[in-house]
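**Q** One letter stands for each residue in the lines below.
Number of protein chains: 4
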Amino acid sequence: MLMPQDLIVKSLGACEHISPLKLESASHHQASYFAEDSQRIRLDVKLRPESDPEAQLSLEVAGPRQRIYFRPAHTTAAIVTCGGLSPGLNNVIRSVFYELFENYGVPRVLGIKNGYLGLTSNSGLEPILLTKEFVEPIDKLGGTVLGSSRGAQPAEAMVDFLQARGIDILFCVGGDGTQRGAHALSQESQRRGANIAIVGIPKTIDNDIAFVRLAFGYATALEKAAEVIQAAHVEARGAINGIGLVKLMGRHAGFIAAGASVVSQEVDFTLVPEVPFPLDGAEGLLAALERRLQSAGHAVIVVAEGAGQFLFEGTNQLRDASGNLLHQDIGAFLRDKITEYFKQRDFPVALKYLDPSYFIRSVPANVFDRIQCDQMARSAVHAAMAGKTGVMIGSASDHFVHVPIPAVVTQSKVMEVSSDLWRAVLQSNGQPRW
Amino acid sequence: MLMPQDLIVKSLGACEHISPLKLESASHHQASYFAEDSQRIRLDVKLRPESDPEAQLSLEVAGPRQRIYFRPAHTTAAIVTCGGLSPGLNNVIRSVFYELFENYGVPRVLGIKNGYLGLTSNSGLEPILLTKEFVEPIDKLGGTVLGSSRGAQPAEAMVDFLQARGIDILFCVGGDGTQRGAHALSQESQRRGANIAIVGIPKTIDNDIAFVRLAFGYATALEKAAEVIQAAHVEARGAINGIGLVKLMGRHAGFIAAGASVVSQEVDFTLVPEVPFPLDGAEGLLAALERRLQSAGHAVIVVAEGAGQFLFEGTNQLRDASGNLLHQDIGAFLRDKITEYFKQRDFPVALKYLDPSYFIRSVPANVFDRIQCDQMARSAVHAAMAGKTGVMIGSASDHFVHVPIPAVVTQSKVMEVSSDLWRAVLQSNGQPRW
Amino acid sequence: MLMPQDLIVKSLGACEHISPLKLESASHHQASYFAEDSQRIRLDVKLRPESDPEAQLSLEVAGPRQRIYFRPAHTTAAIVTCGGLSPGLNNVIRSVFYELFENYGVPRVLGIKNGYLGLTSNSGLEPILLTKEFVEPIDKLGGTVLGSSRGAQPAEAMVDFLQARGIDILFCVGGDGTQRGAHALSQESQRRGANIAIVGIPKTIDNDIAFVRLAFGYATALEKAAEVIQAAHVEARGAINGIGLVKLMGRHAGFIAAGASVVSQEVDFTLVPEVPFPLDGAEGLLAALERRLQSAGHAVIVVAEGAGQFLFEGTNQLRDASGNLLHQDIGAFLRDKITEYFKQRDFPVALKYLDPSYFIRSVPANVFDRIQCDQMARSAVHAAMAGKTGVMIGSASDHFVHVPIPAVVTQSKVMEVSSDLWRAVLQSNGQPRW
Amino acid sequence: MLMPQDLIVKSLGACEHISPLKLESASHHQASYFAEDSQRIRLDVKLRPESDPEAQLSLEVAGPRQRIYFRPAHTTAAIVTCGGLSPGLNNVIRSVFYELFENYGVPRVLGIKNGYLGLTSNSGLEPILLTKEFVEPIDKLGGTVLGSSRGAQPAEAMVDFLQARGIDILFCVGGDGTQRGAHALSQESQRRGANIAIVGIPKTIDNDIAFVRLAFGYATALEKAAEVIQAAHVEARGAINGIGLVKLMGRHAGFIAAGASVVSQEVDFTLVPEVPFPLDGAEGLLAALERRLQSAGHAVIVVAEGAGQFLFEGTNQLRDASGNLLHQDIGAFLRDKITEYFKQRDFPVALKYLDPSYFIRSVPANVFDRIQCDQMARSAVHAAMAGKTGVMIGSASDHFVHVPIPAVVTQSKVMEVSSDLWRAVLQSNGQPRW
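Protein chains in written order, with the working numbering: chain P, 1 to 434; chain A, 1 to 434; chain F, 1 to 434; chain D, 1 to 434.
If you're looking for bench data, these hints aren't it; they were derived computationally from the structure. Be aware that a few hints might be false.
[Said to hold, decoys possible] What follows is a list of derived Cβ distance ranges for each label pair:
id: 1; chain 1: F; residue 1: Ser-295; chain 2: D; residue 2: Ser-412; range: 57 to 63 Å
id: 2; chain 1: P; residue 1: Trp-434; chain 2: F; residue 2: Pro-406; range: 55 to 61 Å
id: 3; chain 1: D; residue 1: Ser-412; chain 2: F; residue 2: Gly-284; range: 51 to 57 Å
id: 4; chain 1: F; residue 1: Phe-347; chain 2: D; residue 2: Leu-129; range: 32 to 38 Å
[Claimed, not checked] Calculated lysine-lysine pairs in the DSS-like style (CA-CA distance at most 30 Å, straight line):
id: 5; chain 1: F; residue 1: Lys-140; chain 2: D; residue 2: Lys-140
id: 6; chain 1: F; residue 1: Lys-10; chain 2: D; residue 2: Lys-337
id: 7; chain 1: F; residue 1: Lys-46; chain 2: F; residue 2: Lys-337
id: 8; chain 1: P; residue 1: Lys-337; chain 2: P; residue 2: Lys-46
id: 9; chain 1: D; residue 1: Lys-132; chain 2: F; residue 2: Lys-46
id: 10; chain 1: P; residue 1: Lys-22; chain 2: A; residue 2: Lys-337
id: 11; chain 1: F; residue 1: Lys-10; chain 2: F; residue 2: Lys-22
id: 12; chain 1: P; residue 1: Lys-46; chain 2: A; residue 2: Lys-10
id: 13; chain 1: D; residue 1: Lys-22; chain 2: P; residue 2: Lys-132
id: 14; chain 1: F; residue 1: Lys-22; chain 2: D; residue 2: Lys-413
id: 15; chain 1: P; residue 1: Lys-140; chain 2: F; residue 2: Lys-140
id: 16; chain 1: A; residue 1: Lys-22; chain 2: A; residue 2: Lys-140
id: 17; chain 1: A; residue 1: Lys-140; chain 2: P; residue 2: Lys-46
id: 18; chain 1: F; residue 1: Lys-132; chain 2: P; residue 2: Lys-337
id: 19; chain 1: P; residue 1: Lys-413; chain 2: P; residue 2: Lys-10
id: 20; chain 1: P; residue 1: Lys-22; chain 2: P; residue 2: Lys-140
id: 21; chain 1: A; residue 1: Lys-10; chain 2: A; residue 2: Lys-413
id: 22; chain 1: P; residue 1: Lys-46; chain 2: P; residue 2: Lys-10
id: 23; chain 1: A; residue 1: Lys-10; chain 2: A; residue 2: Lys-46
id: 24; chain 1: F; residue 1: Lys-46; chain 2: D; residue 2: Lys-337
id: 25; chain 1: F; residue 1: Lys-22; chain 2: F; residue 2: Lys-132
id: 26; chain 1: F; residue 1: Lys-46; chain 2: D; residue 2: Lys-10
id: 27; chain 1: A; residue 1: Lys-337; chain 2: D; residue 2: Lys-337
id: 28; chain 1: A; residue 1: Lys-132; chain 2: F; residue 2: Lys-140
id: 29; chain 1: D; residue 1: Lys-413; chain 2: D; residue 2: Lys-10
id: 30; chain 1: P; residue 1: Lys-10; chain 2: A; residue 2: Lys-46
id: 31; chain 1: A; residue 1: Lys-140; chain 2: D; residue 2: Lys-132
id: 32; chain 1: D; residue 1: Lys-10; chain 2: D; residue 2: Lys-22
id: 33; chain 1: F; residue 1: Lys-413; chain 2: F; residue 2: Lys-10
id: 34; chain 1: F; residue 1: Lys-10; chain 2: F; residue 2: Lys-46
id: 35; chain 1: D; residue 1: Lys-140; chain 2: F; residue 2: Lys-46
id: 36; chain 1: A; residue 1: Lys-22; chain 2: P; residue 2: Lys-413
id: 37; chain 1: D; residue 1: Lys-132; chain 2: F; residue 2: Lys-413
id: 38; chain 1: F; residue 1: Lys-10; chain 2: A; residue 2: Lys-140
id: 39; chain 1: P; residue 1: Lys-140; chain 2: A; residue 2: Lys-140
id: 40; chain 1: A; residue 1: Lys-140; chain 2: F; residue 2: Lys-22
Here a beta-carbon is modelled for each residue, glycine too, at the ideal position from N, C-alpha and C.
Go ahead and model the full structure; you've got the sequences and the hints to work with.
**A** As structure tokens, then:
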């Protein structure tokens, strides 16, 4: 169980320098725009008796500090993007650069190539020096201009690399595995007494990182997923007994499948990892689908890639280079099962299977994610300049916060079945209460 | 000052009926999806000593109740949309209808024509009976299929109208003025002992209603506003000493101007009602603009319609049919002042003025707003079916909540200058700290 | 070889009625807006000696006739949409309806359900009576509100159906197979002496119907295909030796693959049915791809579904319900071949395969296609009202024209390798001259 | 009247060099992709007797020549963008650069800053050397990365500038005035015996340049204009007797207003320069608008900026820096007249006026325009490399062609009232035949 002391952030040392940010208001009646370590945000917003320990759990608020640890003019920072693509990576790179270079006056900001691989000297990959010309147009582009790669690298080799290049601050943009790597970097760095601030920025298109309410990329994913669902709906309605089957991302958490279903309002069955569903029997998916076709003449099914994995139990399990369990393909599995089911019943259906995957994650960030990216990136810069380390930027109750990385990587975040989101799914489609 | 008792919601009476919603999970280990009146959400999420009275302010959570006040099969509901357009109105209408008709089984849902005017019998406007065929495609359309109008109508006449047609529930979608009208309706109805539930759904593209964190329509407005700012930026850069001047909505609050500036990352000056700015003098806007042109060759200015109204002091003040103060046109004013300033200095500039107004508010809702609309609408239905009245749906700390309307209409919401949003503006543009 | 007499259009009889269209200008100096049968459009616009027979080939211009065959108030028309979806079907339905109902005053316009199947009485499918309320919003929707189906039906059964319901005019929207069906309908109808006008409207997202320069749906397909190519490019650049492989539509003709490559300017290899390519050897695709990766670090390949079918020679060949040859999956084939090739060379690559298919064809029509649809649909109405039959609307040299259906179905249209389009592909990518 | 000799293109001299373009097919059975001067495209595609002189008018086909005038390795080229913005300018710049640099091997391509002003030495503006890094991402951006300016500059000063920098080829992207400037440059250059190829690329968002069927930018303008019309329609329908009035571009020609009306299918009155309309009287616009409101309750009016100028006769007439006549503001004029008319009749209306202007012209090019830009740009490069001068790229009957600039600037192109486009407008709205 999470304890208050698990939520205390580490610092490299005392903040002896005055922030160069011009955040004091000229007019005396306005509050300062600086934030303070002592201000903490509750994790639980439900009114509870104070004796309830959960009522006291809180996280340090993010934001610029009036006193900082690093002297900007003598600081070198670097940023690395790891793992699969998510809309907004370039926006994060751009805002990290602008905040450091323009606002703090940090003269040297490096872009590490191709993820953690680019932090090892034997990869042969050289960091690039970021400039205003280079980063200015990138916020309109999908992907990451730095490239990415999957998989861990030895912390020793990476700290060697950082020290050899005099890097004082490293921003690690990535998912669970990346944050674990950031934690290892922070520990190895501290072990050597190297005053390097390691600050994580969470990247999870699935929205499944703890202490992050809406990860950047997620809203864009919903937008694109809803477009694909609309196509599936159009296809389903265009045929006699048409079935549109859409596979969406979501290894452990069904946020994309659920959110896109609510956005589109055209989905009849939403299958997510958090809610097991029977395939066969009167209460199963196949029979429910048959009933839907009989009454409405068409149906749309959305399935998260991590849903229904129990159906594959006993089969071999593979992992990708980042160590993520490779799921069995539930989309193709359902496509085949449904086809077979209706064939056996001599019930002609027209099934269209859509698997948009890369298309969804490689597009530029939408308006909501652009704000998220900018604020996460600048919050990360403030944390780093104040000497915080081993910390990831999170969000809770409409505030950006500092989360100690160990607390992040020991948690996992899934969609609660009692949440507003899942209830919204159930209210908009008519699927059985499995 | 707000007191806890101001935040207690009124009810028409005891909830004697069982909800027809199938929200109990089949599997015993899962929580029920029903919400309870006793669950309340804190308004202030900062960790404070319990003795601090603000720490105790809270609102009743929204959501479906297990026991309800109205018998669905004998209930007639109606919905009315008032005031200026905002993206998402049709989505609200559609989700209110579907939740009532499909989920609760309410057989008769009426759409009131053209705002409160359509609730008066001498308007000659007849409500339309909403059907699945009618509402099914409307979530892809901007505007409101019911039409709208501005201005108040006598509560007596409207309650006469509701009683004459046997309407048990009325949903009032609109801004401050509309909610004031809803409150009057609720009072007049109670005075007569008419058991009519009046539930407000806040509509404010400016995002300036209290107890609503992100009003529907606002995110879509940012998206469209950012497109226009991008055009202004392109125009400014395409000319020698090009100036792009964009006027955006925001009578009392600068949320749209600020948010769109953060989204676009291309704005040099963001002028909002909350932050007065000097026009003349070395610290004034005009001199700062001149410095910007000298160093960068182009500039983009975004001004909220309510900004700089102090510059018009002493002039006549007009009001629209809803009683809103009609602002002087700050956009045209700045356009003329800037042109004059540089003409006097013999400094050739190419100023392009963009005033997108209607274009921004009449588009279909984007993905984020579609979720907001769906959840607000269904929350409103749950509140009404449970017999709540004189209540508006709000949002606080990531939860939808019930807000007594009197608490709403006595508050006003503006952008705090110490907020993350305004700080994000200042961090992304280089404007002076006025 | 095509002869001038092959291009003469058939008529049901003399045009004895005056058109109700108000197309005479009030001012005497303006030309009438009516078109005449005697006006013909050249098929070949190159300046040639008149003795060259191709110089004389021409088609009757489309457009409203001043004298018409049917009496509008006594006419019943119907429209049927067949085969796979293409953006713009609903726009065609809508404009056909409006032109008939609003402009000509035809009181009864029927929508046939689910393609030619809906023209057989034993399908049990009933036509729907189109109304303004029904068609008004459909131009913003993808797909077809009438539904579709694949495959031919007996002409006798369909003419029985038309006669039983008193249908005077039938619009057949579909591809090659559909036009063949329209021709059969026209012949059977004439055989019986039934004065039914059968008018075809070409639908081919692949743009491969003869005598149609830009079929509706094609421009929209390019737009969506280019979005997917952009995602593939982003993926390819985001990885070390990233390869983005995109399969696009195009059974017999590479117009979509070629056009989308020119739009995106990010494609390195464009593979189309018209240009065979070697897979192996120094001049083959695989070696060229390896050279590209070595020099640039990433590559994007676009392959039309009908490309490289010679690679499957000798394997079994299947057909769909419309009789179209089912192609072997060249996309999956290339994905596997490329993976294998680089594995054998111990050259690590990151291949991302995108197969957007349904997503591209199910979206609403874009601006260009909306104009095409409107003009094609209204041209078809004019042709039908003037008693033309066995005719399809085509386009040549910027004019809409009447094409006798037999001339259409005996031709096939592919992309010429000496065309501007294919040259544009070769100029924008660096692929070998296979 | 146009004579065949007016359509002969000038050349700098004999083409003594072999083209480096690899456009011969490897396989012997395929045609070469090179074009030849002797191939000419008919201007008139209607079948006419050969004795008709119009039947013989033709233009030289554009495209790469097998023999060229300039030696690529010793050639310096430059490109200049003039006048108001139009979507696609950056696409043109990019494709001109890539064709020259990548395909022909021209090592030095300069970008002239801010239009013709940047071709005068006393402007102080220096050309920039274009590189792959610089132009690679610009096709996704609106505007022109080179900047623009209005107005003519002395041909002598500009040829001095070209000679001083050793520029052999100049591409002039702009409208009528720009092409007149290009002609002057070509004449001055020939007078001096300076072998400089001057090639024009037509830019006209209004689509009003002769010998250019669909100018780049026009299709994008339709797309954005249709979005604004949709907003106007939504506003009009949202109010009681709502009127949406939209002013669009179109000084001399109504192509944008007409095309956008056909796209949107929601316009009731389309007012263009080519068709005068009475304001008052039973047949006038105001009375027709009143009838429309009485029958339908709302109306949408689209007015081209050059429409109804006869209403201002006798007032002062101003010109902009490019010498274009500044029109009186017909949009504001109609807004006031309509308001006054209904006020006098005590007929309450809600008029919403939308003037999107800059927003429409500053966006990135859409898919159709991207193809146009690419092909126009590369055609211009081929013409220039072959030593053509005083020539503009045009399009006729689906082919790109070479047009002698004097033939362009003495013609003017307006929308013919008997065209398919205007007929489509009249068929989709119900406006009187003025």
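**Q** Does each hint hold? Answer for all of them.
**A** Hint by hint, here is what the structure shows:
1. F:Ser-295 x D:Ser-412: 57 to 63 Å: violated (49 Å)
2. P:Trp-434 x F:Pro-406: 55 to 61 Å: holds (57 Å)
3. D:Ser-412 x F:Gly-284: 51 to 57 Å: Holds, at about 54 Å.
4. F:Phe-347 x D:Leu-129: 32 to 38 Å: Roughly 36 Å apart at Cβ, these two residues keep to the hinted range, so it holds.
5. F:Lys-140 x D:Lys-140: holds (26 Å)
6. F:Lys-10 x D:Lys-337: Violated. F:Lys-10 to D:Lys-337 sits at ~52 Å, over the 30 Å cutoff.
7. F:Lys-46 x F:Lys-337: violated (44 Å)
8. P:Lys-337 x P:Lys-46: violated (44 Å)
9. D:Lys-132 x F:Lys-46: violated (37 Å)
10. P:Lys-22 x A:Lys-337: holds (28 Å)
11. F:Lys-10 x F:Lys-22: holds (26 Å)
12. P:Lys-46 x A:Lys-10: holds (21 Å)
13. D:Lys-22 x P:Lys-132: violated (38 Å)
14. F:Lys-22 x D:Lys-413: holds (26 Å)
15. P:Lys-140 x F:Lys-140: Answer holds: P:Lys-140 to F:Lys-140 is near 27 Å, not above 30 Å.
16. A:Lys-22 x A:Lys-140: holds (28 Å)
17. A:Lys-140 x P:Lys-46: The hint is violated at about 35 Å.
18. F:Lys-132 x P:Lys-337: Cα-Cα ~42 Å, so violated.
19. P:Lys-413 x P:Lys-10: Cα-Cα ~23 Å, so holds.
20. P:Lys-22 x P:Lys-140: Given that 30 Å is the threshold and the Cα spacing comes to 28 Å, the pair holds.
21. A:Lys-10 x A:Lys-413: holds (23 Å)
22. P:Lys-46 x P:Lys-10: holds (28 Å)
23. A:Lys-10 x A:Lys-46: Holds, at about 28 Å.
24. F:Lys-46 x D:Lys-337: violated (51 Å)
25. F:Lys-22 x F:Lys-132: holds (21 Å)
26. F:Lys-46 x D:Lys-10: holds (21 Å)
27. A:Lys-337 x D:Lys-337: holds (29 Å)
28. A:Lys-132 x F:Lys-140: Roughly 19 Å between the alpha carbons, so the hint for A:Lys-132 and F:Lys-140 holds.
29. D:Lys-413 x D:Lys-10: holds (23 Å)
30. P:Lys-10 x A:Lys-46: holds (21 Å)
31. A:Lys-140 x D:Lys-132: Given that 30 Å is the threshold and the Cα spacing comes to 41 Å, the pair is violated.
32. D:Lys-10 x D:Lys-22: Holds, at roughly 26 Å.
33. F:Lys-413 x F:Lys-10: It holds: about 23 Å lies between the C-alpha atoms, which stays within 30 Å.
34. F:Lys-10 x F:Lys-46: holds (28 Å)
35. D:Lys-140 x F:Lys-46: Not OK: D:Lys-140 and F:Lys-46 at ~35 Å, beyond 30 Å, violated.
36. A:Lys-22 x P:Lys-413: holds (26 Å)
37. D:Lys-132 x F:Lys-413: violated (37 Å)
38. F:Lys-10 x A:Lys-140: violated (43 Å)
39. P:Lys-140 x A:Lys-140: Status holds; Cα separation ~25 Å.
40. A:Lys-140 x F:Lys-22: It is violated: about 35 Å lies between the C-alpha atoms, which goes past 30 Å.
In terms of the numbered hints stated before, the structure departs from hints 1, 6, 7, 8, 9, 13, 17, 18, 24, 31, 35, 37, 38, 40, listed from lowest to highest.
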